[in-house]
Amino acid sequence: MLSLLDLLGTIGGSILGLPGILGVALGMTTRNWIVAPILGGAIGVLSPLILGGHHSAEVPVTTLDYSVSTIVGILAGLVGCAIRHKGAKV
Amino acid sequence: MPDNHGHRRRNILLRIWDAFWSPTGLFSAGFLLIAGFLAGILFWGGFHWSLELTNTEEFCISCHSMETNLGEYRETIHYNNHSGVRAICSDCHVPHEWQYKMKAKVMAVKDVYHELRGTINTSEKYEERRLEMAAAVWKKMKATDSRECRNCHAFEYMDFTIQETRAAQNHQRAVDENMTCIDCHQGIAHDLAPGYLEEYQHVVETLAQGRIPGTASRVDLASIKSYLGFAAD
Chain F
1 MLSLLDLLGT
11 IGGSILGLPG
21 ILGVALGMTT
31 RNWIVAPILG
41 GAIGVLSPLI
51 LGGHHSAEVP
61 VTTLDYSVST
71 IVGILAGLVG
81 CAIRHKGAKV
Chain V
1001 MPDNHGHRRR
1011 NILLRIWDAF
1021 WSPTGLFSAG
1031 FLLIAGFLAG
1041 ILFWGGFHWS
1051 LELTNTEEFC
1061 ISCHSMETNL
1071 GEYRETIHYN
1081 NHSGVRAICS
1091 DCHVPHEWQY
1101 KMKAKVMAVK
1111 DVYHELRGTI
1121 NTSEKYEERR
1131 LEMAAAVWKK
1141 MKATDSRECR
1151 NCHAFEYMDF
1161 TIQETRAAQN
1171 HQRAVDENMT
1181 CIDCHQGIAH
1191 DLAPGYLEEY
1201 QHVVETLAQG
1211 RIPGTASRVD
1221 LASIKSYLGF
1231 AAD
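Here the protein sequences line up with chains F and V, keeping their order.
Numbering-wise (the working numbering), the first sequence opens with residue 1 and increments by one.
Numbering-wise (the working numbering), the second sequence opens with residue 1001 and increments by one.
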């Protein structure tokens, strides 16, 4: 039960964090369905590295964190690309 | 309902959807950019403000279920001390880092669910669940190297020379043996349930099993008991 909750929390944190928000923003910069998820995925990979640290504690970034962050980044990139297709002529 | 031209009017949601995605002929790109920027600031500010409201002590203790642990916390040094510096609920239970804070907030939805269900609404029910609830927090703290403790307490800035001898010795040992705050300070803010040491050992072992061999925690039950002044068996 806790692990499911942990998974849901990690997904929610990623959607409301850098992979979700910047992923959509970067996805909106292109109409290319390949480039958009790559940009989003890159943010998903970098996000735990950039923001996962702590000034004093040694907090390990888990495989779950990386996986969820990357998948959310890819999906966010695709959503951003879809917004670009739907809402822009260029 | 047919309109004047005899066509059936579309659903209002569909019309809003179409209008939302139609190019505007009334506003310039600059106007929309500035308006979007301002709306973004207002939305984000409001979101963050609301989030911070859920970090206040008043919010946490507004649930009936929190009365027991609030009473226990008020007896501790984190509530009342010589310096007047206080740690409230969110200081220990909510990470500062954005994505982990969001994760904690999403996971806290279960607290609302259990408050509504009355899972711990009597002292008997609370005591039944005390060890389970404590173990969940210990697991999180152990896994994150007591991140929330270390927002205020960092070994790097501790002056062991002005600590009590026992504290200085044990903190030095904690540094040397790569221990973390919660290894010794399990009952720092709330009462402990019977059998807590065994439960904590179980938490440590469970976490160690999920780690890469060789990086498993070196903390053992004997060292924790020796710190607490119990005979190690």
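Read the hints as simulated data drawn from the structure, not as lab findings.
Errors might be hidden in some of the hints.
One-sided excerpt, in silico: chain F residues whose CB lies under 7 Å from chain V [said to hold, decoys possible]:
| no. | residue |
| --- | --- |
| 1 | 12 |
| 2 | 17 |
| 3 | 54 |
| 4 | 61 |
| 5 | 84 |
| 6 | 87 |
| 7 | 90 |
Keep in mind it's a predicted model, so treat the numbers as computed, not measured.
The C-beta atom is built at its ideal place from N, Cα and C for all residues, glycine as well.
Checked hints:
no., hint, verdict
1, 12, "holds, 4 Å"
2, 17, "holds, 4 Å"
3, 54, "holds, 5 Å"
4, 61, "violated, 11 Å"
5, 84, "violated, 12 Å"
6, 87, "holds, 6 Å"
7, 90, "violated, 11 Å"
The structure shown violates the earlier hints numbered 4, 5, 7.
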